[in-house]
Amino acid sequence: MTVFHQVFKVQSDYRPTFDDVTDQVAEILAESGILNGILVVFSQHTTCSVLIQEASDDLNYWGTDFLMQDLVNALEKIIPTCQTEGQYLHPGPEHIKAALGREELPSWSLNTDAHLRSVIMGRSVTIPVVDGEMILGEFGRIYFADFDQVRARQRNVRVQIIGE
Amino acid sequence: MTVFHQVFKVQSDYRPTFDDVTDQVAEILAESGILNGILVVFSQHTTCSVLIQEASDDLNYWGTDFLMQDLVNALEKIIPTCQTEGQYLHPGPEHIKAALGREELPSWSLNTDAHLRSVIMGRSVTIPVVDGEMILGEFGRIYFADFDQVRARQRNVRVQIIGE
Amino acid sequence: MTVFHQVFKVQSDYRPTFDDVTDQVAEILAESGILNGILVVFSQHTTCSVLIQEASDDLNYWGTDFLMQDLVNALEKIIPTCQTEGQYLHPGPEHIKAALGREELPSWSLNTDAHLRSVIMGRSVTIPVVDGEMILGEFGRIYFADFDQVRARQRNVRVQIIGE
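Chains as they are written, first to last, in the numbering used here: chain A, 1136 to 1299; chain B, 1136 to 1299; chain C, 1136 to 1299.
Honestly, the hints are just simulated from the structure, not real lab data.
There are no misleading hints in this set.
The list treats identical chains as one, so a pair stands whether inside a single copy or across any two.
Only pairs whose alpha carbons sit at most 20 Å apart, straight line, appear in this in silico EDC-like list of lysine to aspartate or glutamate:
id	residue 1	residue 2
1	Lys-1144	Asp-1154
2	Lys-1232	Glu-1273
3	Lys-1144	Asp-1155
4	Lys-1144	Glu-1273
5	Lys-1232	Asp-1193
6	Lys-1144	Glu-1162
7	Lys-1232	Glu-1220
8	Lys-1232	Asp-1192
Values in this document were obtained by computation on a predicted structure and should not be read as measured data.
Can you make the complete structure from the sequences, with help from the hints?
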C-alpha cells in the first residue's frame, strides 16, 4: 500500500472564488503511481470548501462559473454576506481580542458568512481511483471554493491518496 | 490491503428520487472479503448525491420517504425547482451550445436546481467497516439521491472499499 | 497497512450541541501509531453530524460557540425547529407505530428538524494524516454536532484511521 500526499496553492480574491483544480489533482494522482484506491482533496481552511460540480461553460462578469454564482445566490438567502459587526453573533469580543493578538485587522473577522457557507458545503471530497483514473463521470470537475470575501490570499489545496 | 470496486445501477424518475441502496452495498462489502477499513459510496453524476438517513416508514403519494420529501421541501425554499431559462444564471448560451453539440435537448439543461441541491448534499458518504460490518447505527440507511427532474435515467452507484 | 478503530462518547442536551472532540481524536491517532493515511470521524446517529470549523472564542448563554449558533440560526430559516406533529410530513403514522413498538414516546419523533439539518451538514469528516499529525490548518477544530432537541443522550463518536 502507498500513501501519497501533496499540496499546491490557489489564489483567492475579494469575492467567492471557485478554482477548477481537476488537472492539478490528476497530475498528482499520476505522479503517485497509485492505480486503485481513494483520493481526498481537502481544505485546511475553515472558510473554504472542495466541491465536485459540472463546469458551466458560461462565466459572469467576475469570471465566476454561472452554476457557482447560482450557488452563492442560493446561500445568500439564508447566509447574507457579512457587512458589519452585529449582523451575526460571530465575531464576538473574545474573538476580536484574539485576532488583535495575532495582528489581524478586526474587519478580517467579518467572514462569518464564509465560515457558515463553507461548512455547509464541506471541507473535502473523496473520489474512487480505479485503474489509475479518478471516477468523475462525463462532467465532474473538482473545485476549490474560497468563500472568504474580506481578504485575497494564497490557499493550500491538499491531496491525499491511499491505495496500491 | 485490498481495494475493491463495484458499480451498480438505479433508475431515476421525473422527480427527485431517493433509492435505499443499503442492501446492495452490504452485499458488495461481503463479496469484497474486507473486514476492517473504509467504504465509500459515490455518485459520479453532478445532479446526484449519496446520503445516510433514517428510513421514514411512511411514503408520500409518489412513493418518496416522508423525510426525503421534507428535505426537498426545505431545499425548495432557497433553490426553487427550475421551470424555465432565465430563472437561474445557468444554463447560459455557451452551455446550451455545448449541449446541442452533444445532441441534448435544451430543456435537459433546466436542471440547475438539481446541480445546486446535490452539491449541497454532497457526492458521497464514507463509512467505517469494523469486523465485516458497516457502522450505520440502529437506523442508518444509505440512499442514492437523484435530484434531476428533467429526465428519467439509469444512474451509476459506485462503491469503493479499502482495508484488509 | 494498519486499520485502527475507536469509539468514545459525548453527552448531548435538549438543544443543539457542538462538542469540540479534536483532542480526543488526536489521542486516538497517537495511540494508533499511524503516521500517514486518512482519518474519518463519523456519526452513526442520523440526527448528528461531524464538522470542521474554527473555534469562536465566544460562547452564548447556553455555552454554544457563536459560529455554531449562527449556523443553527441560518438553518432555522429553511428548517424551523419542529414544535408539533403536522409541521413536517415526518413523523407519519407508520413511523409513530414503529416508535411505539420500540417503547419510544411519540414526542421523541418530533426531531425532523434534526434529521434534515444533520443530513445537510454531513455524517463525517475525512482528514489527511501526514507525519503523525492531522492536517487541520491553524484554526480547524473537529466538532461532533447533535441537532436533536427532544432528548439528552449519550452519543457515539467513531474514529477510523487507515494508513501506515
